[in-house]
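*Asks:* Start counting the sequence shown at 271; every next residue gets the next number (this note's numbering).
Hints are supplied without guarantee of correctness; some may be wrong.
Said to hold, decoys possible - Here are the simulated EDC-like pairs of lysine to aspartate or glutamate, each with C-alpha atoms no more than 16 Å apart in a straight line:
| # | residue 1 | residue 2 |
| --- | --- | --- |
| 1 | Lys358 | Asp398 |
| 2 | Lys372 | Glu298 |
| 3 | Lys372 | Asp383 |
Calculated from the structure, these hints are not laboratory results.
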Amino acid sequence: MTETELHLEVDIGAQRMRLFEGGSLLHEYHIATASNGPGELNGSECTPRGHHIIRAKVGSDAAINSIFIGRRQTGEIFSEAMRVQHPKRDWILTRILWLSGKEPGRNRLGQVDTMRRYIYIHGCPDAD
Numbered sequence: 271m272t273e274t275e276l277h278l279e280v281d282i283g284a285q286r287m288r289l290f291e292g293g294s295l296l297h298e299y300h301i302a303t304a305s306n307g308p309g310e311l312n313g314s315e316c317t318p319r320g321h322h323i324i325r326a327k328v329g330s331d332a333a334i335n336s337i338f339i340g341r342r343q344t345g346e347i348f349s350e351a352m353r354v355q356h357p358k359r360d361w362i363l364t365r366i367l368w369l370s371g372k373e374p375g376r377n378r379l380g381q382v383d384t385m386r387r388y389i390y391i392h393g394c395p396d397a398d
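Given the sequences, and given the hints that come with them, work out the whole structure.
*Replies:* The structure is reproduced here in structure tokens:
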């Protein structure tokens with residue numbers, strides 16, 4: 271890693287994500303990881319561990335709180351009224367950073383492939 275390289279660290283237990291440039295902390299975020307806890311297996315609905323890269327960025331020009339379904343903008347902007355109308359919807363908002371594992375057998379390839387599991391870092395409603 272170079273001194274100017276940006277990287278993220280996710281702490282599942284603390285529900286925090288930290289953005290670093292080199293060794294310097296730039297920002298810290300409150301996050302919500304999968305309610306099933308950590309895990310890599312396809313179909314587990316768990317948060318994968320290990321080293322990842324951002325394979326694709328979706329929504330770079332999207333407005334704040336733009337709603338995405340299937341990695342496509344719906345043209346809607348999230349509101350609490352929409353939450354009431356669609357109580358079961360998985361709210362993916364604003365941006366999607368689609369992750370790909372870097373560790374074959376742990377989070378890449380086969381039944382543990384993060385990208386094939388459609389694992390994202392994405393926006394969600396503040397209450398979530």
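*Asks:* A separate judgement is required for each hint: does it hold in the structure or not?
*Replies:* Results of checking the hints against the structure:
{"no.": "1", "hint": "Lys358 with Asp398", "in the structure": "holds (13 Å)"}
{"no.": "2", "hint": "Lys372 with Glu298", "in the structure": "violated (23 Å)"}
{"no.": "3", "hint": "Lys372 with Asp383", "in the structure": "holds (9 Å)"}
In this structure, only the earlier hint numbered 2 is contradicted, and the remaining ones agree with it.
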